[in-house]
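Asker: As a plain string of letters, each chain reads:
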Amino acid sequence: MQGNRIIGEAAIRAGCRFYAGYPITPQNEIPEYMAENLRKVEGGVFIQSESEIAAINMVAGAASAGARAMTSSSGPGISLKQEGISSMAAQELPGVIVNMMRGGPGLGNIRPSQGDYFQATRGGGHGDYRTIVLAPGTCQELADLTMDAFDLADRYRIPVVLLADGMIGQMMEPVVFKEPKPRQYSADYVLKGAGTGKAKTIKGLILDPLDMEEHNWKLDRKYRVIAAKETRCEIFNTDEADIVVVAYGTAARVAKGAIKRLGDHGIKAGLFRPISLWPFPTEELRRLAGTRKEFFVFEMSTGQMLEDVRLALQGYADIAFHGRPGGVVPTPVELANVIVRQYRRDR
Amino acid sequence: MKKVFSRPESLRKKFVFHYCPGCGHSIAHRVIAEIIDELGVRGTTIGVPPAGCAVLAYNYFDVDMIEAMHGRGPAVATGIKRVRPECLVFSYQGDGDLAAIGIAETFHAANRGENFTIIFMNNAVYGMTGGQMAPTTLLDQKSTTSPPGRNAVLDGYPVRISEILAMLPGTAYIERCTVNSPANIVKTKRAIKKAFQYQLDGRGFSLIEILSPCPTNWKMSPIDACRWIDDVMSKQFPIGVIKDEPAKAAGKEGAGHDR
Ligand SMILES: Cc1ncc(C[n+]2csc(CCOP(=O)(O)OP(=O)(O)O)c2C)c(N)n1
Ligand code: SF4
Ligand SMILES: [Mg+2]
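For the record, the sequence lines run as chains A and B. The opening residue of the first sequence carries number 1 in the working numbering; numbering runs sequentially from there. The opening residue of the second sequence carries number 1001 in the working numbering; numbering runs sequentially from there.
Bound conformation, chain B alone (with noise of 0.2 Å):
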């Protein structure tokens, strides 16, 4: 019998994912996992998991891992890029790890151009700490530190930052992406294939930004996180390629600097 679906080399052979049903980020271990397979570079692979609801990832990627504190994934990635050109470098983060205690780091990781690749996590809230406001949590939306849903004047607005990344010259391919749908998830594969290609060839720095269901903080069943990404999320965080750089302009000379 031919076998069409089996669980990727990269991923672990025993667990079951700690993470809720219907969450993004098992998805996202998934399609990540996958692509290291296809492009044969498991053995080559070093990933940075986050403080956040994918702390554990190291117990599921069959990869090598070093676990950093909350929010400075770009640095611990930094130091082992420059130290390890050769190797698949990516950083993997929440949107409180990125967009808030972590955005320094983040922000001139990009800037450098650092040669490695960032999957950013995008749930619009702290999903491991129980639901409260993240810089991503839209306006008006609930979470359990903005209760009556977020105010602008009180709170901030929501950030963009894949938008606000692509304009520093470091950064070489910034797509957003979502798994909220089968069609979707293919094309989030097809978008953090291409940012692990360029790595490779180093081209600099890459971002693949994911709208990512968080059905449990957002107190919705699956479905209908899948759909009010559909319907609502998308149209703060517009899905689609931000940034393609050809490969003159952020190449080998200029970012992704071998050391």
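If we strip away everything but chain A, and leave its shape as in the complex, we get (with noise of 0.2 Å):
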């Protein structure tokens, strides 16, 4: 099955019933498929928007009214949506958005890319807030992380963005779906009409300072939580390595492919690939620096996860760098050559 028509499943599956989205490459598959299957579903609504700002603010109105919602887009669309999760981050609303990574800044391309990195884990609205960012590196974690994402918006009522790019949606490979987790999440918030009780109200506007500061330290507290509980990652090949790669997405599958082709060259790699974005797994990355001084990151951009990386290891590790931005995908070959060259320089 096609990357992006498994996230439309698995969200299906999951218990999504509300997607809006509008058309952009390379994620149109998404709409497409909800277009096709959602409506089919008890309950389920597809709504073509007329921009990404109504598909955010759609999807919040259908989370304020209890549904499980969705939207996808990419770079341009997702700048767009910024507000308006910046504002389901204030009403602590649950929502999941996918963005397909392209080429930017600006219009940029169609190409894979990872340049939204610091968009998506540093909130990438106005004001202090962060969401959950998960990066799936194959078709089997897009169908895992899309259902993970739902569970983990209701756990903690928050924006989750799943954050790959245009190669992983378009890539085909088998899938198993698992059996979705039952809906765990407390209904206190949701819209429905006050019945004969009191009326609810959701809102992100709090006039007074200290108030204001109070709901942004409550929902740092839930950040910390976050940040400590909901960490991932995978760690391979690491336990002979005398170089760690780190990497993340399509990203991390060059890294593979690379990894093996320095073993003929008679270098030992393994490699550290983030799953969870933010919170970034900072304490599984250090303790590896305990035993390795070389970290090598690669990323298809100019260097932004790198950042948490070097926030992670600075101080404990040594850390090179190779970044291809504006759409290119390098062959493990040539990453391979890149790793080989910096790491006989450095001895």
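These aren't lab readings, by the way, just hints derived from the structure by calculation. Note that the Cβ used here is the ideal one computed from N, Cα and C, for glycine as well. One or more hints might be untrue.
[Stated by the list, open to error] Keeping only pairs whose Cα atoms sit at most 27 Å apart, straight-line, the calculated DSS-like set for lysine-lysine is: (1) Lys1194/B to Lys192/A; (2) Lys1013/B to Lys200/A; (3) Lys200/A to Lys1014/B; (4) Lys1193/B to Lys198/A; (5) Lys218/A to Lys200/A; (6) Lys192/A to Lys1193/B; (7) Lys1194/B to Lys200/A.
[What the hints assert, rightly or not] If you want the ones that stay clear, here's a sample from chain B, every Cβ over 12 Å from chain A, calculated: (8) Ser1006; (9) Val1016; (10) Val1055; (11) Asp1062; (12) Glu1086; (13) Ala1104; (14) Arg1112; (15) Thr1129; (16) Pro1182; (17) Ile1223; (18) Asp1224; (19) Pro1246.
Bring the two chains, given one by one in their own frames, into a single complex with the hints.
Answerer: Following this line, the structure appears as structure tokens:
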């Protein structure tokens, strides 16, 4: 099954009953899949919105009414959604936002890229907030993490970003859809009309600075819990490794290919692959640095995750970097050669 | 003793409106609350207040509410109504919110025939941010960003949104009212009640535009502001029913889709 369609299917299986989105390459198969399949499901709503701004606000409305809701886009469209994501973070509404990253900035191109790491992991919109960011590296993970994204969004009442790129979205791999967990959330925020009880309000406007400060600290306490409990990563082949490559998503796939080739050059290399980009698996990475001193960050950008790796490893290890921004996906051979050169130079 | 005047159930018990004296927002709030009471739908109503002077509407209405970002009310209301078609959903918007930054959301919700109601508070200025020019500001009307008066060549023309939306097949009911006199308040109430009833009947999109005095930014006394609506504003924005589509045309199978 194709990556983008997997996301659609996994979302429906996870109980997503509301999707709104606006066409943009390379993620068009997601709205197309939802148009075809979500409306067949009891209570399923698909809307092709007039813009990405409208889409995220429809998702906010649907979430406030209690539905599991999702939108998807790429680069320029994700930028337009940021006001809405910020608002959902403030209002503590759950929701899933898929970003199939493409080359940027600006209109850029439609080739796979990882240039939106900063935007995704630093909140992205205005104000002091975070979103959970999950970065699948395989089609199987697209399925698993899409489902997990809905669970996390509900558990923490937070927007969750699924951050992948055009490459994974277009890729075909066999997948097994796991059994979705029963939905667990406290529905006390959900609007359905007050009945005979007290009316509820969902809002982000808090005019009193002390109250606003308290709301920010409340969000911050939530983010700290998430940071402590929800980091995810894959550690591959690092036991004997002289050098650890740090990469996520499509870049990690390229890195795995490169690591095999490095063996032929007599270099033992392993991979550290963050799966949650926020929260970043800082402790897990730092633990690796206890025994090994050489780390090599590879990204399809000019170096964004690099900053999180530095925050984790500064003073503990040496960090080298290779990046290919703009929609270029290097081959494993190219990456292996760069690493070999770097490694030999350092000897 | 017979009680002839009391606070509607759908307004909260203890508050003082923050609106300026003579402002149309407080009158509109009261009228909407009375109708929610009369229709007996307080328990199934969800309102969407805007960014604008009415942003704190949830402090006044005793119904479920979610605040929308500036202009996004119709998109938020779309999400709510599609998930909860059984609820009475209304989006409450100013003219800057609706006719400028949120025109796309408004236009396309109307065009999809979303089965909810917009209360459109046209006061010909951006009230909340201090009286800047709105899309509805009249030609020659002074505002803080059109100090010599709105100039068509430099600033464009006032927009008649209701007439534009009435051209869309998805819209069922559109009326322009005002709250500048007791008689007009009664008419406004009748219009909103009809719009809500249309929504409950699943007839599709409805919008009630209310010419609403903003004495503060118009720099007039409340009385003069009410007079200005009669003498000047309603010439540009004529009062009356703009569209009342028979049930058949915008009926259940067309607009007003359940999910
Ligand atoms: C994206 C964004 N831009 C600007 C603002 C600032 N803002 C808040 S309310 C408002 C204008 C409100 O005018 P109107 O919609 O006419 O409502 P009124 O206050 O007149 O009732 C503006 C510009 C905002 N909140 N968000
Ligand atoms: S500024 Fe105008 S619209 Fe706002 S509360 Fe005062 S009178 Fe009403
Ligand atoms: Mg206004």
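Asker: Hints first: check each against the structure and report whether it holds.
Answerer: Taking the hints in turn, this is what the structure says about them:
no. : hint                  : result
1   : Lys1194/B to Lys192/A : holds, 22 Å
2   : Lys1013/B to Lys200/A : holds, 15 Å
3   : Lys200/A to Lys1014/B : holds, 16 Å
4   : Lys1193/B to Lys198/A : holds, 24 Å
5   : Lys218/A to Lys200/A  : holds, 19 Å
6   : Lys192/A to Lys1193/B : holds, 21 Å
7   : Lys1194/B to Lys200/A : holds, 26 Å
8   : Ser1006               : holds, 19 Å
9   : Val1016               : holds, 16 Å
10  : Val1055               : violated, 6 Å
11  : Asp1062               : violated, 5 Å
12  : Glu1086               : violated, 8 Å
13  : Ala1104               : violated, 5 Å
14  : Arg1112               : violated, 8 Å
15  : Thr1129               : holds, 14 Å
16  : Pro1182               : holds, 29 Å
17  : Ile1223               : holds, 31 Å
18  : Asp1224               : holds, 30 Å
19  : Pro1246               : holds, 27 Å
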